[in-house]
Amino acid sequence: MPYADELRTLAEIAVALAGFTGIVVALENYSSPNRPRPNRARLRELLLASLGVVFFALMPALLGGAIGDDRWGYRVSQLLLATYQLLLMALFFRSASVTSFNRAEWLAFPVGVLVILLQFVTVFGFLSERLYVVYFLALFWLLFIAALNFALLLLENENAA
4 MPYADELRTL
14 AEIAVALAGF
24 TGIVVALENY
34 SSPNRPRPNR
44 ARLRELLLAS
54 LGVVFFALMP
64 ALLGGAIGDD
74 RWGYRVSQLL
84 LATYQLLLMA
94 LFFRSASVTS
104 FNRAEWLAFP
114 VGVLVILLQF
124 VTVFGFLSER
134 LYVVYFLALF
144 WLLFIAALNF
154 ALLLLENENA
164 A
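In the numbering used here, the protein residues as written are 4 to 164.
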């Protein structure tokens, strides 16, 4: 299976970020109404993005084994991952007002849309020679979103330093 070691590494990093989310929730009450709404949305996105990386890093191996073809395992996984990323974006936009976005989030949005479009292009058979690379890129991007939310939450907290 192409990129097996790299996908496993992304999953391990994502597990660490998900663990951080659990620690933050245990130490601070992020669900309280006093907590700024964008920060609650960022915390949820950090958790969902990092757990998504773990889940989708393992999915091509599972589906490739079940279907008996790595390419189809990656294509089906790609479709599900792109759909998951669209749902994450919609959930984040529903939870946080557009006026509360910072510069990093505004810069990340068009790149995320481009990555999702590339995923759909490969799912439908175009750029099929780049299927594995686009899947790895999409997972890397999802991990980047988790890390971005990690950094934004950390920098927002005046007690973190």
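Be aware that a few hints might be false.
Here are the computed distance ranges between Cβ atoms for each label pair [unchecked claim]: (1) Glu-132 with Thr-12: 35 to 45 Å; (2) Leu-117 with Glu-9: 18 to 28 Å; (3) Leu-157 with Ile-70: 34 to 44 Å.
Please keep in mind that the hints were generated in silico from the structure rather than gathered at the bench. The beta-carbon is built from N, C-alpha and C at its ideal position, and this holds for glycine as well.
Hints, one by one, checked against the model:
no., hint, in the structure
1, Glu-132 with Thr-12: 35 to 45 Å, "23 Å, violated"
2, Leu-117 with Glu-9: 18 to 28 Å, "21 Å, holds"
3, Leu-157 with Ile-70: 34 to 44 Å, "41 Å, holds"
The structure does not agree with numbered hint 1 stated previously, though it agrees with all others.
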